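So the protein lines, in turn, are chains A and B.
Its first residue numbered 1, the first sequence is counted upward by one per residue in this note's numbering.
Its first residue numbered 1001, the second sequence is counted upward by one per residue in this note's numbering.
Misleading hints may appear alongside valid ones.
Computed, partial: chain A to chain B, Cβ under 8 angstroms [as the list claims (entries may be wrong)]:
hint, residue
1, Phe77
2, Val78
3, Ser79
4, Asn336
5, Phe338
6, Ala342
7, Phe355
8, Trp510
9, Phe513
10, Pro562
Pair by pair, the computed Cβ-Cβ distance ranges are [to be verified]:
hint, chain 1, residue 1, chain 2, residue 2, range
11, B, Asn1084, A, Glu30, 52 to 58 angstroms
12, B, Ala1078, A, Ala201, 36 to 42 angstroms
13, B, His1066, A, Leu502, 46 to 52 angstroms
Rough simulated footprint, nothing fancy, chain A against chain B, three-plus residues with beta-carbon under 8 angstroms [stated by the list, open to error]:
hint, region
14, 1112 to 1125
15, 1165 to 1177
Simulated from the structure, these hints should not be mistaken for lab results.
Please read all numbers here as calculations on a predicted model, not as lab measurements.
Where a beta carbon is used, it is the ideal one built from N, C-alpha and C, also for glycine.
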Amino acid sequence: MATQIPIPQAPTTAILDETLEPAGPGLWLEVLHGWVTTVDHKRLGLMYIGYALLFLVIAGFEALMMRVQLAIPNNTFVSPQTFNRLFTMHGTTMVFFVGMPILFGFGNYLIPLMIGARDMAFPRLNAFSFWISAFGGLLLYFSFLGGDGLYGAGTAPDVGWFAYAPLTAKAFSPGHSTDYWTLSILLSGIGSVGVALNIVATTICMRCPGMKLTRMPLLVWLYFVDACMVLVVVSPLTAAQIMLMLDRYLGSHFFDTQAGGSAVLWMHFFWIFGHPEVYVLVLPAFAFANEIIPVFSRKAIFGYPAMVAATVAIGFISLSVWAHHMFTVGLGAGANTFFTLATMIIAVPTGIKIFNWLATLWGGKIHFTAAMMFAVGFLFQFLIAGLTGIMLSAAPFDWQLGNSYFVVAHFHYVLVGAILFMIFSAFYYWYPKMTGRMLNETLGKWHFWIFLIGFHLTFDFMHIPGLMGMPRRVYTYEADRGWAIWNMIVSSGAIFQAIGTLLFVYNLVWSYFKGPVAGPDPWDAWTLEWATSSPPAVYNFAVVPSVQSRRPLWDLKHPEDPDSNYEM
Amino acid sequence: MFLRETGILAVAQISDHFHSATSIFTPAATPSHSIYTLSQLVLSITLGIFLVVAGLLLLALIRYRHRPADPKATQEPAQIYGSNQIELSWTVIPILIVVMLFLATARVLYSTEHASKPPTALDVTIIGHQFWWEYHYPASGVVTANELHIPVSDPRQPQPTYLTMTSADTDHSFWVPRLAGKKDLIPNKVNVMWIDPEAAGLYLGQCAQYCGVEHAKMLIRVYAQSPADFAAWLAHQQEPAVQDPAAAEGRAVFEKNACVSCHTIAGTVATGRFGPDLTHLASRDTIASGSVLNTPANIRSFVDNPAHFKPGALMPAMHLNDHDLDAVTQYLTTLK
């Protein structure tokens, strides 16, 4: 354990800033103007989160409609066409207009605060990125009105969220629904690249004095790797969308199989984005866990360098696993073997993370706050999601499991069981910082237990019809296959999840007005965002802090035993 | 006593729910068997990992929970920053597990994808359509749809069926879980898979790649028959369509209408290729790609408007009057 050389000109590790913002709200028009024209990373972060929550409710409602339709065999609650639109919109919305913006929102809010900066590196780019992404989301939903142009209303995209060619070709997708899908994703991609650039630049250039890369909070490290991945993987997606537009309007034949194009080419383009995208979504969840688990275990994160290394490893390896989505395409034994190996290897750095979280808990004093309960749920559920992922990585096993409900259960275990649980956890943890008020803990625990029950009813039992041969994306199914009882259980769980989510939304609103005042540091935490008022002033810190370790507030609270003496 | 009986009944009912004609855990051919064996290995290893890691997690959560009654409750626990030895151990052990799993997987992968094709193998070409399956038997010239007939393969004298697959429109995927894993049918691409059912019987499956509106009703029925039964079936399918004079009126309706642009009935003017070959329609158990039983009433409804069973099917409603509908239905039911 190397000892750090103290920085002589920085006697204090951080400065608690209790400066209050000028009181008194203006006219609502002024307030609105303030939000629309803002370039403040905190306000933009909150707007990202708000817009993601709105889409979360919409896309969640779409999922509910699908579960009603599938609760019993041969149901006619929605038409086949409507069902196909529902799963397309649900998937597209959840990935591009819930997952990405909510994570960018937290990143935007937290990164400058955690590295002691006053804003992101490019505040105007930040605002541009937000508005262009938001416009993309609106465009996607405008397709309900404009998808079929003058021929009639009511045609949202129905090509699935991975929009395999040639379903998207003019011959199979007339009208404009696919165009709205393409354009909305193009725009959201531009926004994502903007945010990613901003995060990379902020992380590299804006750290406060003393915050070396090796002292950066793990959250910032993970967002940094995440942003680098976004820069790499959004490009092929954008390229593919442009090629698709060329096919549809300028007569090119990249994916137009009827003119000799290649359906497999689209799959490669899409999944070289699509698989790393899963890691783009999950790394911020890991990032939250890296901050929340130590604070509520009252211990420093175990194996900081290993956590950073594992994250970088995941970043690189995730770029070479995409064709495990294509094991049934007929790429040949050689390619299938390679992608089996690459996919299995990614379990190693992912496992390292789980073990380090376990070691962080070990020997701690674990406080089961609502935030921590969601984080614990995340640990178990991510473990299971990883293990079903290993099953799917074995190519021959995937020939059976791929495109079945088993896969749907697997990736919802990642997206809901891991990512959404960690997002809820992050809300309970950082809401006090963002609003100045605590979320109600009792409601939070009700939210946790109800959502947990719903989650397990839905996604545990969803594996079973997959093992029994039920393919995904079917609007109904045969009664004699033995799938009915399982689908009924799955659908009933969805109701619990909906109730849990409503409770959470109620808590967000109620606590904003009635929650106990949080103060700057309600969790007795260690990173810089807790060194300023809640909510922080526009300028974040009255005096730019300077740090000597990874946990500046620990040093402040324990001057006799600072972290800098021990860090590896 | 009553409780016990209901208990037994409940268990029996629950275990009933695990039975399925399409379960991947009741393999009936070599490819599905080798996947099943691999799956047992993968499942036991992952279960082992789960029990160890989840057990440790649970132990940590219980043992190290904050106890407000503890006199040292307000004191911070010892801060431990990491250990290179421990990191190394939980890196190396998973790598060893991964290598083992990978080698087991690669063996199954190569034994299935690079299996040598015996000269006795039967070739069938499958063409995927929105939303039905077209089957060609190149050696005998037979063309049929949706219900695939193949011979049982005796392990002592293997006669596997090799399926050469492509698509006429969008992507599809051929999945009969008890026989083999799925393989995609992709336009402009030719894929091959093989199956060798060990026992006669009906094996069910369905399209496993989203292909459009009626993806859910693109069902597969594979009839594995003894070599003698299969030969008889094949010989019958090679014959031209039955010409029943009693159904002449229905045939005339069929030939006067647009039916002939999309369907083939061998020996008549109907030579269309967009829809299923109807030469021996009445010899099939189901219509509409396995959606409904092949009964005169169902045929009549389907011809009247396919949306009765498959809204979004590409066949249009035929707008025939009741008389013509009856006649055509009667004609189609004679096509044994």
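Hints that the structure is at odds with (numbers, increasing): 1, 2, 5, 6, 8, 9, 10, 13
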